[in-house]
Structures are given as structure tokens and as C-alpha cells.
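Model the full assembly from the supplied sequences, consistent with the hints where possible.
So the protein lines, in turn, are chains A and B.
For the first sequence, numbering that gives the first Met the number 0 assigns the number 0 to the initial residue and increments by one for each residue that follows.
For the second sequence, numbering that gives the first Met the number 0 assigns the number 0 to the initial residue and increments by one for each residue that follows.
Careful, some of the hints might be misleading.
What the hints assert, rightly or not - Label-pair ranges, simulated between beta-carbon atoms: (1) Pro37(B) <-> Ile65(A): 47 to 55 Å; (2) Glu23(A) <-> Ala34(B): 26 to 34 Å; (3) Ile65(A) <-> Asp166(B): 41 to 49 Å; (4) Ala24(B) <-> Ala77(A): 42 to 50 Å; (5) Ala24(B) <-> Arg44(A): 24 to 32 Å; (6) Val20(B) <-> Gly17(A): 46 to 54 Å; (7) Ala77(A) <-> Trp181(B): 49 to 57 Å; (8) Val18(A) <-> Glu179(B): 40 to 48 Å; (9) Ala34(B) <-> Leu16(A): 22 to 30 Å; (10) Ile65(A) <-> Glu195(B): 45 to 53 Å; (11) Glu57(A) <-> Gly213(B): 17 to 25 Å; (12) Glu23(A) <-> Glu90(B): 37 to 45 Å; (13) Gly17(A) <-> Arg48(B): 43 to 51 Å; (14) Gly31(A) <-> Arg187(B): 28 to 36 Å.
The set of hints was computed from the structure by calculation and includes no laboratory data.
Ideal Cβ positions, reconstructed from N, Cα and C, are used throughout, including at glycine.
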Amino acid sequence: MIALDANAIAGDLIEVLGVDLAAEICACAHCGASGFFAEAVVYTRAPGRVARCRNCGEVLAVLVTIRGITCVDLLGIAEP
Amino acid sequence: MERTAVHRRLTWQFARVVEGVTETARTKSIALDAADWPGHLAGQHVDVRLTADDGYQAQRSYSIASAPEDEHLVITVQRLDDGEVSPYLTETLVPGDELELRGPIGGYFVWQEALGGPVLLIAGGAGVVPLRAILRHHRAIASEVPVRLLYSARTRADLIYRAELEDYDTVITLTDEHPEEWNGRTGRIEPNLLAETAWAPAERPLVYVCGPTGFVEAVADALVTFGHSPDRIRTERFGPT
Chain A
0 MIALDANAIA GDLIEVLGVD LAAEICACAH CGASGFFAEA VVYTRAPGRV
50 ARCRNCGEVL AVLVTIRGIT CVDLLGIAEP
Chain B
0 MERTAVHRRL TWQFARVVEG VTETARTKSI ALDAADWPGH LAGQHVDVRL
50 TADDGYQAQR SYSIASAPED EHLVITVQRL DDGEVSPYLT ETLVPGDELE
100 LRGPIGGYFV WQEALGGPVL LIAGGAGVVP LRAILRHHRA IASEVPVRLL
150 YSARTRADLI YRAELEDYDT VITLTDEHPE EWNGRTGRIE PNLLAETAWA
200 PAERPLVYVC GPTGFVEAVA DALVTFGHSP DRIRTERFGP T
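What follows is the structure, given as C-alpha cells:
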């Protein structure tokens with residue numbers, strides 16, 4: 000499966016969060032690597048869309064859209 | 000009472016197709032008239048949503064090809080033969096039709112003059128689209144920041160905006176064709192080509208790389224190998240989704 004980056008989910012994140020998370024510097028809660036969230040590795044063909052840390056591969060965020068409602072879980076993002 | 004900037008909620012709006020321009024056999028530029036368009040920054044993208052008669056919706060992101068100063072909002076779409084959205088946009092849509100979009104999106108892969116330069120734009124295939132917006136913006140504001148485009152395409156027939164790009168400081172390299180009469184380069188963008196055509200790392204160019212995922216990874220790696228600082232490199236990847 001071809002991975003994209005978090006530019007691909009920036010629109011849904013703005014819609015849900017009201018801020019452009021992709022343009023923010025975030026840290027990975029697993030390995031501590033920090034960088035623009037836009038650089039996260041994003042898989043869009045899973046049941047949900049999954050953003051993973053470019054450094055360690057752990058999950059940073061999951062987005063699931065069902066019947067027009069998008070749920071965002073920022074489970075792996077720490078403050079930089 | 001002081002007020003901070005109010006965030007405009009990102010909402011879907013209809014835009015009317017003004018014109019379609021065939022760029023290559025697989026790509027088409029679509030000029031749109033969006034009444035409620037709030038303006039954009041060079042490098043941003045829009046989400047486009049199609050709704051079928053049965054209510055099924057498909058949504059894709061497309062880079063904006065026009066400068067903020069241009070009259071119309073323009074997206075350039077590459078047709079994927081098995082795509083859900085791109086064949087409709089490139090083959091069925093005609094002037095007068097309406098398209099649902101939201102944007103602009105993306106505060107990361109953008110260039111504004113305050114960011115300075117020199118600015119090195121590196122495109123693989125249709126990755127040239129947002130970089131063309133940056134070039135047009137740069138010219139529209141008569142910026143004196145040095146800017147150069149390295150553009151990798153498979154063949155001459157795959158070059159998008161070919162005539163327009165001749166007006167800019169552009170280095171084109173072809174990966175799948177080695178024409179006899181060709182004043183550009185051939186082969187992939189790798190450290191040797193960067194050494195010959197890009198600013199030295201010591202000049203700290205601001206680098207924008209856009210293209211298919213494999214292209215962006217390879218170029219970003221080559222840039223870092225050549226000595227460019229990762230924090231001066233901004234990337235945007237696209238692929239069939």
C-alpha cells in the first residue's frame with residue numbers, strides 16, 4: 000500500500016479540530032521525534048486513515064469517517 | 000476589547016467550471032469560479048467532493064495550480080485509469096458544471112515572500128502543480144528572492160505547463176526518454192544532479208519537494224546526503240487513493 004503524508008488528511012483535521020494540525024510541530028509519544036505533523040506517514044486505504052511516525056512507525060493519529068461524521072483519535076501525539 | 004483572528008470554519012462550497020485546458024494526454028487544468036473563495040497561499044490544496052445519484056460520495060485532494068493573484072482558481076488533475084474521481088474531472092466535466100470543494104487547505108507546504116530563499120522547487124510528474132502556483136505567485140509579486148525549479152518527468156509528452164515553464168529558471172530532466180535534440184537533462188534527480196543544478200547547502204535554500212511518494216523519499220534522501228538541512232526541506236506526497 001502506498002503511503003502518503005498528513006497533507007492528505009489536513010482538510011478533515013481542520014474540519015474536526017478547527018486548526019491546521021498539519022502545519023504544527025508535534026512530537027511522537029513513543030519515540031519523542033518531533034516535526035511538522037504534515038510529514039507523518041499516512042495510510043488512506045485502511046478502514047480508517049492512520050498517521051504514523053516517520054521515525055519509529057508507531058501510530059500518531061487515527062481518523063474514521065462514518066456517515067459524514069469524522070472521529071479523530073490523536074493517541075500518539077505528545078507536546079513537542 | 001482586543002480580538003484575535005477568527006478562524007473561518009472549513010465548509011463545502013460549489014464552484015462553477017469556467018474552462019478546461021488539456022495539459023498532457025493525462026492531465027487537465029480546470030479553472031473554477033468560486034463565489035465564496037476566501038483566497039489562498041501558493042502551495043495549498045483543495046478537497047473536491049463528488050456525490051453520485053444514490054448519495055455515494057468520493058473525496059480527493061488536488062493542489063491549486065493558480066497563484067493567489069490569478070483571476071480564477073485552477074486545479075490540474077491527472078487522470079488515473081482506475082480512479083473514481085479523476086476520470087470524471089478530466090473527461091466528463093464541462094464549462095458551466097458545478098463542483099463541490101472546500102479550502103484552501105494546508106499551512107505547511109506554502110511559500111510566502113517573508114519566508115525568503117533562495118527557493119528550490121523540485122517536482123516529480125504532477126508534483127509540479129503546487130510549485131507552478133509558487134512560481135506564478137513569485138512573479139506576480141515581482142519577488143527578488145531567487146527561485147529555481149528542478150522538474151523530473153518521464154518523457155517530453157508528460158511535461159505539464161511546458162511552454163509556461165520556459166519563462167522561468169527551470170531545469171528539466173527526463174527519466175524514460177533520451178531525445179537526441181534535448182537541451183535538458185536525463186535521468187533521475189540524484190546527488191550529482193543536485194550538485195550541478197541546486198544551490199549549495201551552505202546557501203541554505205528553502206526546498207519544496209512534491210511528487211509521488213517514492214520520488215519524494217528519494218529526493219529528500221539525496222538532499223540530506225548532499226548536505227541540506229532537513230529543517231529547510233518541505234515535502235508533499237501524492238498517490239493514487
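Taking the hints in turn, this is what the structure says about them:
At roughly 29 Å, the beta-carbon separation of proline 37(B) and isoleucine 65(A) lies outside the given 47 to 55 Å, and the hint is violated. Between glutamate 23(A) and alanine 34(B) the beta carbons are some 31 Å apart, a value that agrees with the proposed interval 26 to 34 Å. The hinted range of 41 to 49 Å is satisfied by isoleucine 65(A) and aspartate 166(B), whose Cβ atoms lie roughly 48 Å apart. The supplied range of 42 to 50 Å is met by alanine 24(B) and alanine 77(A), whose beta-carbon atoms lie about 47 Å from each other.
Checking the proposed 24 to 32 Å range against alanine 24(B) and arginine 44(A) shows it holds: the Cβ atoms sit about 27 Å from each other. At roughly 36 Å, the beta-carbon separation of valine 20(B) and glycine 17(A) lies outside the given 46 to 54 Å, and the hint is violated. Distance hint check for alanine 77(A) and tryptophan 181(B): the Cβ-Cβ separation is about 50 Å, which falls inside the suggested range of 49 to 57 Å. Judged by the Cβ atoms, the range 40 to 48 Å given for valine 18(A) and glutamate 179(B) is violated: they are separated by roughly 53 Å.
Between alanine 34(B) and leucine 16(A) the beta carbons are some 27 Å apart, a value that agrees with the proposed interval 22 to 30 Å. The given range of 45 to 53 Å is respected by isoleucine 65(A) and glutamate 195(B), whose C-beta atoms sit roughly 51 Å from each other. Look at glutamate 57(A) against glycine 213(B): about 23 Å separates their beta carbons, and that is inside 17 to 25 Å. Under the hint 37 to 45 Å, the C-beta atoms of glutamate 23(A) and glutamate 90(B), about 38 Å apart, fit the expected range.
Between glycine 17(A) and arginine 48(B) the C-beta distance comes to about 20 Å, which lies outside the given range of 43 to 51 Å. Our hint of 28 to 36 Å for glycine 31(A) and arginine 187(B) holds, since their Cβ atoms are close to 34 Å apart.
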